[in-house]
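Engineer: Take a look at the letters that make up each chain.
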Amino acid sequence: MKVLDQGVNPIFMDPDPDQAREFFRKKTRAMVDKRMTEKEAVEKFIPDGCYLGIGGFGANRIPTAVIHEILRARRKNLGFLGHTSTHDFELLAAGKCLNRLDAAYVVGLEARGLSPNARRYMESGELKVTEWTNYSLAVRLKAAAEGVSFGIVRSMLGTDTFKMSGAKVIECPFTGKKFAAVPALWPDVAVIHVHEADMYGNSVFRGISVADMELSRAAKHLIITAERLVTNFTIRNNPTATSIPFYLVDAVVEVPYGSYPGNMPYLYFSDEEHLAQWMKVEKDPKEFEKFLDHYIYGVSCFEEYLERCGGLKKLKELQKLESLVDKG
Amino acid sequence: MAPEYNMMEMMICVASRYLEDGKTVAVGTGAPCAAAMLSQKTQSPNLIILFEAGGISPMLPQMPISVGDSRTFFRAVMAAGMTEMMTTCCRGQVDYAFLGGAQIDKYGNINSTVVGDYYKPKVRFPGSGGANDFASFCWRTMIMTVHSKSRFVEKCEFVTSPGFLTGAGAREAAGLPEGGPYKIVTDLAVMGFDEKTRAMMIESLHPGVELDKVKTETGFELVVPKQIGRTAPPTEKELRILREEVDPLKVVIGRA
Numbered sequence: 001m002k003v004l005d006q007g008v009n010p011i012f013m014d015p016d017p018d019q020a021r022e023f024f025r026k027k028t029r030a031m032v033d034k035r036m037t038e039k040e041a042v043e044k045f046i047p048d049g050c051y052l053g054i055g056g057f058g059a060n061r062i063p064t065a066v067i068h069e070i071l072r073a074r075r076k077n078l079g080f081l082g083h084t085s086t087h088d089f090e091l092l093a094a095g096k097c098l099n100r101l102d103a104a105y106v107v108g109l110e111a112r113g114l115s116p117n118a119r120r121y122m123e124s125g126e127l128k129v130t131e132w133t134n135y136s137l138a139v140r141l142k143a144a145a146e147g148v149s150f151g152i153v154r155s156m157l158g159t160d161t162f163k164m165s166g167a168k169v170i171e172c173p174f175t176g177k178k179f180a181a182v183p184a185l186w187p188d189v190a191v192i193h194v195h196e197a198d199m200y201g202n203s204v205f206r207g208i209s210v211a212d213m214e215l216s217r218a219a220k221h222l223i224i225t226a227e228r229l230v231t232n233f234t235i236r237n238n239p240t241a242t243s244i245p246f247y248l249v250d251a252v253v254e255v256p257y258g259s260y261p262g263n264m265p266y267l268y269f270s271d272e273e274h275l276a277q278w279m280k281v282e283k284d285p286k287e288f289e290k291f292l293d294h295y296i297y298g299v300s301c302f303e304e305y306l307e308r309c310g311g312l313k314k315l316k317e318l319q320k321l322e323s324l325v326d327k328g
Numbered sequence: 329m330a331p332e333y334n335m336m337e338m339m340i341c342v343a344s345r346y347l348e349d350g351k352t353v354a355v356g357t358g359a360p361c362a363a364a365m366l367s368q369k370t371q372s373p374n375l376i377i378l379f380e381a382g383g384i385s386p387m388l389p390q391m392p393i394s395v396g397d398s399r400t401f402f403r404a405v406m407a408a409g410m411t412e413m414m415t416t417c418c419r420g421q422v423d424y425a426f427l428g429g430a431q432i433d434k435y436g437n438i439n440s441t442v443v444g445d446y447y448k449p450k451v452r453f454p455g456s457g458g459a460n461d462f463a464s465f466c467w468r469t470m471i472m473t474v475h476s477k478s479r480f481v482e483k484c485e486f487v488t489s490p491g492f493l494t495g496a497g498a499r500e501a502a503g504l505p506e507g508g509p510y511k512i513v514t515d516l517a518v519m520g521f522d523e524k525t526r527a528m529m530i531e532s533l534h535p536g537v538e539l540d541k542v543k544t545e546t547g548f549e550l551v552v553p554k555q556i557g558r559t560a561p562p563t564e565k566e567l568r569i570l571r572e573e574v575d576p577l578k579v580v581i582g583r584a
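In the order they appear, the protein sequences are chains A and B. Taking my numbering, I'd label the letters of the first sequence as residues 1 to 328. Taking my numbering, I'd label the letters of the second sequence as residues 329 to 584.
The hints are simulated quantities; they were obtained by calculation from the structure and are not laboratory data. One thing to keep in mind: the hints can contain errors.
To be verified - Below, a list of computed lysine to aspartate or glutamate pairs in the DMTMM-like style, where the Cα atoms sit at most 25 angstroms apart:
1) A:Lys178 to B:Glu506
2) B:Lys450 to A:Glu126
3) A:Lys168 to A:Asp18
4) B:Lys450 to A:Asp284
Stated by the list, open to error - So these bits of chain B aren't anywhere near chain A, every CB distance computed over 10 angstroms:
5) Gly350
6) Lys369
7) Asn374
8) Ala408
9) Ser476
10) Met529
11) Glu531
12) Pro535
13) Glu545
14) Val551
15) Val552
16) Lys554
17) Thr559
18) Ala584
Beta carbons: idealized from backbone N, C-alpha and C, even for Gly.
Hey, can you work out the whole structure from these sequences and the hints?
Structural biologist: Spelled out as structure tokens, the structure:
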């Protein structure tokens with residue numbers, strides 16, 4: 001296949017499908033109790049230097065508890081899948097946890113504006129960055145899930161996004177038309193927040209899937225945080241609802257209100273006041289340090305963070321703001 | 329007497345009129361979403377709204393704060409995922425998409441990535457997100473933005489999302505499917521693109537705006553046709569629906 005053009009930036013993960021198959025060959029299929037705390041999950045599956053993907057959409061259905069734990073464990077030199085990332089990237093930038101980044105959407109918080117600290121982090125030039133788009137990153141995960149070394153998109157063609165990517169322009173062997181080949185991406189570990197999971201990792205989430213079907217099947221290790229644990233019988237009673245089967249999962253962490261301050265569809269809306277407070281306090285690095293000590297480094301667990309943010313009273317308010325009604 | 333309105337209301341009303349009934353539109357948060365909602369409630373009741381995170385044809389209860397929040401699939405026909413939504417664009421079923429950015433050039437290319445050196449940027453913006461994908465695949469892309477010289481530049485420092493790239497024939501040469509920018513709606517005027525050269529062309533001036541003002545606020549030479557139209561101001565009906573039903577909390581229209 002003729003390569004007509006290529007992006008100049010690095011591909012951080014090996015796109016060889018046989019290496020990935022060798023890994024998955026050895027990954028256990030045992031249906032065993034995988035429950036643990038977020039601290040244990042980070043210790044076991046998120047070492048310094050690994051490549052991390054986060055599920056959900058920035059401040060919607062995100063695994064906040066595990067990201068906080070990554071900061072508290074002072075993880076460094078992580079690679080990151082900057083796919084639809086907003087508050088998740090804001091957190092990892094606050095902890096200076098990264099050294100390489102596949103960027104499709106970072107530093108912004110959509111209609112809320114840009115994170116001043118995440119911007120400083122990006123503008124410092126200390127991260128190795130390769131540029132992509134939301135769809136092309138989803139296709140990279142899809143290719144990985146399919147066990148092939150690349151996917152094909154028509155995104156990025158003719159732009160600087162392509163120039164700063166790691167993609168290649170190829171000629172279609174059937175039509176002669178140009179396409180961008182994007183390398184398969186197997187993250188070392190992904191963390192996805194769901195509505196329900198059993199202790200083996202069978203998981204159910206409701207609402208939009210974003211790229212979580214692809215991410216959960218591409219990641220070598222998968223940590224699930226769940227609003228609540230259910231029995232295996234509950235899963236088996238309605239298998240149509242299962243989004244993620246147990247053999248993909250390495251750890252199951254029960255975290256009620258686990259997407260806070262993000263939105264959890266059918267349960268609670270995002271805490272816009274708290275998210276606005278982040279952006280405001282980030283303007284002053286010294287104030288921001290104190291803020292991080294108060295909310296993340298100075299607390300022992302996620303429950304304590306929830307308490308500092310207003311606890312049950314605040315969470316009840318956010319439940320009222322949620323527009324979707326849970327049909328369970 | 330003609331009703332009073334601010335420039336944000338003007339832009340939303342004008343943009344809403346370009347969205348034809350029965351078509352599909354991919355929107356982000358803010359003004360584009362308001363324009364699509366207004367269009368549904370005025371001229372295009374069967375306009376289908378899509379969100380990149382997977383919300384398909386929701387009955388939006390209020391303006392979303394994120395393109396992936398609960399409101400984006402409230403009473404939707406499907407809560408899908410990004411691949412479902414983007415492949416719908418890829419195979420040619422999405423008619424319009426709204427884009428935004430820090431810079432836009434005379435061929436409608438957009439910069440939402442960096443200003444300054446890529447590796448040590450002066451300003452880092454979010455990047456493409458889904459914008460490059462939409463700009464590549466949707467039949468007609470639209471932009472709503474404030475008109476200023478710093479925004480309307482001769483050439484984007486970084487082309488995040490494609491317009492007509494370097495002009496006529498450039499999209500085709502790069503391998504992009506047919507499509508590209510359709511209308512740019514600003515606080516001063518509506519711009520389209522010259523059929524032959526694909527360069528940005530003035531189409532209509534908003535009430536009270538003179539051509540010189542638009543030229544002064546544009547960092548490149550706009551194509552000026554022999555006849556320039558006058559944008560029809562927002563109607564009372566449009567303003568009432570926008571203020572009472574679309575954005576009662578003034579999240580977007582309060583920004584002007």
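Engineer: Determine for every hint whether it applies to the structure shown.
Structural biologist: Comparing the hints with the structure gives:
no.	hint	result
1	A:Lys178 to B:Glu506	holds, 13 angstroms
2	B:Lys450 to A:Glu126	holds, 14 angstroms
3	A:Lys168 to A:Asp18	holds, 21 angstroms
4	B:Lys450 to A:Asp284	holds, 18 angstroms
5	Gly350	holds, 24 angstroms
6	Lys369	holds, 18 angstroms
7	Asn374	holds, 23 angstroms
8	Ala408	violated, 7 angstroms
9	Ser476	holds, 19 angstroms
10	Met529	holds, 21 angstroms
11	Glu531	holds, 25 angstroms
12	Pro535	holds, 28 angstroms
13	Glu545	holds, 24 angstroms
14	Val551	holds, 22 angstroms
15	Val552	holds, 27 angstroms
16	Lys554	holds, 32 angstroms
17	Thr559	holds, 26 angstroms
18	Ala584	holds, 16 angstroms
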